[in-house]
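Chemist: The primary structure of each chain is shown beneath.
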Amino acid sequence: DTEVTQTPKHLVMGMTNKKSLKCEQHMGHRAMYWYKQKAKKPPELMFVYSYEKLSINESVPSRFSPECPNSSLLNLHLHALQPEDSALYLCASSQEKTGSYEQYFGPGTRLTVT
Amino acid sequence: GESVGLHLPTLSVQEGDNSIINCAYSNSASDYFIWYKQESGKGPQFIIDIRSNMDKRQGQRVTVLLNKTVKHLSLQIAATQPGDSAVYFCAESPTDKLIFGTGTRLQVFP
Chain L
1 DTEVTQTPKH
11 LVMGMTNKKS
21 LKCEQHMGHR
31 AMYWYKQKAK
41 KPPELMFVYS
51 YEKLSINESV
61 PSRFSPECPN
71 SSLLNLHLHA
81 LQPEDSALYL
91 CASSQEKTGS
101 YEQYFGPGTR
111 LTVT
Chain A
115 GESVGLHLPT
125 LSVQEGDNSI
135 INCAYSNSAS
145 DYFIWYKQES
155 GKGPQFIIDI
165 RSNMDKRQGQ
175 RVTVLLNKTV
185 KHLSLQIAAT
195 QPGDSAVYFC
205 AESPTDKLIF
215 GTGTRLQVFP
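So the sequence lines, in the order shown, correspond to chains L and A. Start counting the first sequence at 1; every next residue gets the next number (my numbering). Start counting the second sequence at 115; every next residue gets the next number (my numbering).
Hints are supplied without guarantee of correctness; some may be wrong.
Claimed, not checked - Below, in silico cross-link-like pairs of lysine to aspartate or glutamate (DMTMM-like), each with a Cα-Cα straight-line distance of 25 Å or less:
id, chain 1, residue 1, chain 2, residue 2
1, A, Lys-156, L, Glu-96
2, A, Lys-156, L, Glu-3
3, L, Lys-41, A, Asp-198
4, A, Lys-185, A, Asp-169
5, A, Lys-185, L, Glu-44
6, L, Lys-41, A, Asp-145
7, A, Lys-211, L, Glu-3
8, A, Lys-185, L, Glu-102
9, L, Lys-22, A, Asp-210
10, A, Lys-156, L, Glu-84
11, A, Lys-156, L, Glu-67
12, L, Lys-40, A, Glu-153
13, A, Lys-156, L, Glu-44
14, A, Lys-211, L, Glu-24
15, L, Lys-9, A, Asp-198
16, A, Lys-211, L, Glu-67
17, L, Lys-38, A, Glu-153
18, L, Lys-38, A, Asp-198
19, L, Lys-22, L, Glu-3
20, L, Lys-38, A, Asp-210
21, A, Lys-211, L, Glu-44
22, L, Lys-18, L, Asp-85
It is worth saying that the hints were derived from the structure and are not from the lab. Quantities reported herein were computed from a predicted structural model and do not represent experimental measurements.
Put together the whole structure using the sequences plus the hints.
Modeler: As structure tokens, then:
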């Protein structure tokens, strides 16, 4: 199984809402990632978890809150977002955190903030 | 031919021709490189990778070339097919994260 799954596929939320994005992998990977991708742009790294601990936070605003409940799951909690946060949010996983391992990406969650 | 769009450079090729997508990377300390393919509405899909101790690696219909002297990476796709139409991203890894290039849109016409 080389699949990373993400739910929901699409999400529309108001600026006062609280919602969560979910990501799951069953490849035994110990590193998991959140990326943000705007239209016609490359993915931008947000967070890296390694062995269920937050390893990298790319100066992401606190309205985005990641959580890694176990080695297979990664969540991204959203609160008080802005319209400019509308984007495709991608989850990825790799065998280890070091950069020389292929990252497997999920299909993404298309987020619209109204 | 190759043209620069508003945000993404675009490469247009005829079905059956070979495609070459180029990428300039920025960090001379990068020791691992990946090419990803991203179709509309989907996440990036791994195509091929190469480590800095190699200058060429071949997969099925794809070849990656690495020139460390000029910090250049290329992806060659043989006998391009309509299903190859997508945005292609190169990514480099100088440390423990991937840094993506700006991407190139490949359009395949009959």
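Chemist: Each hint: holds or not?
Modeler: A quick look at each hint next to the structure:
The suggested pairing of Lys-156 (chain A) with Glu-96 (chain L) holds, with an alpha-carbon distance near 24 Å, which does not exceed 25 Å. Annotation: proposed proximity of Lys-156 (chain A) to Glu-3 (chain L) holds, straight-line Cα distance about 13 Å (limit 25 Å). Distance restraint check for Lys-41 (chain L) and Asp-198 (chain A): the Cα-Cα separation of roughly 19 Å lies within the 25 Å cut-off, and the hinted pair is therefore satisfied. Note on Lys-185 (chain A) and Asp-169 (chain A): the hinted pairing holds, with a Cα-Cα distance of about 11 Å set against a maximum of 25 Å.
At most 25 Å may separate the alpha-carbon atoms for a hinted pair to count; Lys-185 (chain A) and Glu-44 (chain L) meet this at roughly 21 Å. With a C-alpha separation of about 24 Å, the suggested pair Lys-41 (chain L) and Asp-145 (chain A) falls inside the 25 Å cut-off, and the hint holds. At roughly 20 Å between alpha-carbon atoms, Lys-211 (chain A) and Glu-3 (chain L) fall within 25 Å of each other, so this suggested pair holds. Only pairs whose Cα atoms come within 25 Å are accepted, and Lys-185 (chain A) paired with Glu-102 (chain L) is accepted, the gap being roughly 20 Å.
Using a Cα cut-off of 25 Å, the hinted pair Lys-22 (chain L) and Asp-210 (chain A) holds, with the two alpha carbons roughly 23 Å apart. For the proposed pair Lys-156 (chain A) and Glu-84 (chain L), the alpha carbon gap of about 21 Å is at most 25 Å, so the pair holds. Note on Lys-156 (chain A) and Glu-67 (chain L): the hinted pairing holds, with a Cα-Cα distance of about 24 Å set against a maximum of 25 Å. A hinted pair counts as satisfied when its Cα atoms are at most 25 Å apart, and Lys-40 (chain L) with Glu-153 (chain A) qualifies at roughly 12 Å.
Restraint check for Lys-156 (chain A) and Glu-44 (chain L): the C-alpha separation of about 16 Å stays at or below 25 Å, so the hint holds. This hinted pair checks out: Lys-211 (chain A) and Glu-24 (chain L) have alpha carbons roughly 20 Å apart, not beyond 25 Å. Between Lys-9 (chain L) and Asp-198 (chain A), the direct Cα distance comes to roughly 24 Å. Compliance with the 25 Å bound is thereby established for this hinted pair. Between Lys-211 (chain A) and Glu-67 (chain L), the direct Cα distance comes to roughly 19 Å. Compliance with the 25 Å bound is thereby established for this hinted pair.
Distance restraint check for Lys-38 (chain L) and Glu-153 (chain A): the Cα-Cα separation of roughly 14 Å lies within the 25 Å cut-off, and the hinted pair is therefore satisfied. Restraint check for Lys-38 (chain L) and Asp-198 (chain A): the C-alpha separation of about 22 Å stays at or below 25 Å, so the hint holds. Between Lys-22 (chain L) and Glu-3 (chain L) the alpha-carbon distance is near 14 Å, which keeps this suggested pair within the 25 Å criterion. Among the hinted pairs, Lys-38 (chain L) with Asp-210 (chain A) is consistent with the structure: their alpha-carbon atoms are about 23 Å apart, no more than 25 Å.
Simply put, Lys-211 (chain A) and Glu-44 (chain L) have alpha-carbon atoms about 11 Å apart, close enough for the 25 Å limit, and the pair holds. Distance check on the hinted pair: Lys-18 (chain L) and Asp-85 (chain L) sit about 14 Å apart at the alpha-carbon level, within 25 Å; holds.
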